[in-house]
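Going by the working numbering, the sequence shown opens with residue 12, and the numbers climb by one from there.
Hints are computed from structural coordinates only; laboratory data are not their basis.
Wrong hints could be hidden among the right ones.
Simulated DEER-style distance windows between Cβ atoms [as the list claims (entries may be wrong)]:
(1) E61 to F85: 30 to 40 angstroms
(2) S60 to V114: 30 to 40 angstroms
(3) K19 to K123: 30 to 40 angstroms
(4) D34 to E61: 38 to 48 angstroms
(5) D122 to V44: 18 to 28 angstroms
(6) G112 to S60: 27 to 37 angstroms
(7) K117 to C97: 12 to 22 angstroms
(8) Y94 to E142: 10 to 20 angstroms
(9) A101 to K137: 16 to 26 angstroms
(10) E61 to I126: 33 to 43 angstroms
(11) V44 to G99: 17 to 27 angstroms
(12) L132 to C97: 14 to 24 angstroms
Note that the coordinates shown come from a computational prediction; the quantities given were computed from them, not determined experimentally.
Glycine included, every Cβ here is placed at the ideal spot set by N, Cα and C.
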Amino acid sequence: MDDQLLIKQLAKRFPMLIIKPFDSGFKGLIGQVNEDFYFDSHEENGELSEELYDELYETLYSIEDNLLPFSREFPKRTFVYIYVDCHGGACYYKGFSVLNGEVLFKHAGMDKGHIPLLQTLSPDYKEIHFEPFTRNFLK
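Make the full structure from the sequences, and use the hints.
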């Protein structure tokens, strides 16, 4: 399947995402919630209101919940959902990979947890640094 067609379908189903192709030893697409919408447009006194914070997390959960049915529309593509939580330079990753509506692999949060998740896309992947996770990759 053409990546541009998949990007259009992802954007249609998940309009809150910024989506971009990447090549980090293997090729794929990465999507990230456009948090700028929440933080730039809705901050009150430098902080996100409780309602908008809740809305942001509902958005994250809607992606997680809807990825399985979405993957059925592209039965030959593996999708990986990775939630990254960073504080003070320490990052923890949790998520799952899915193919045709079936979970292939699920991983609880831990340091370097992105590696086994990305290995479901590229079995030889073992790098700690993953450029699409860098701050400016999707800018």
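Exercise for review: Quick one: which hint numbers does this structure break? Sort them smallest to largest.
Suggested key: No hint contradicted; all consistent.
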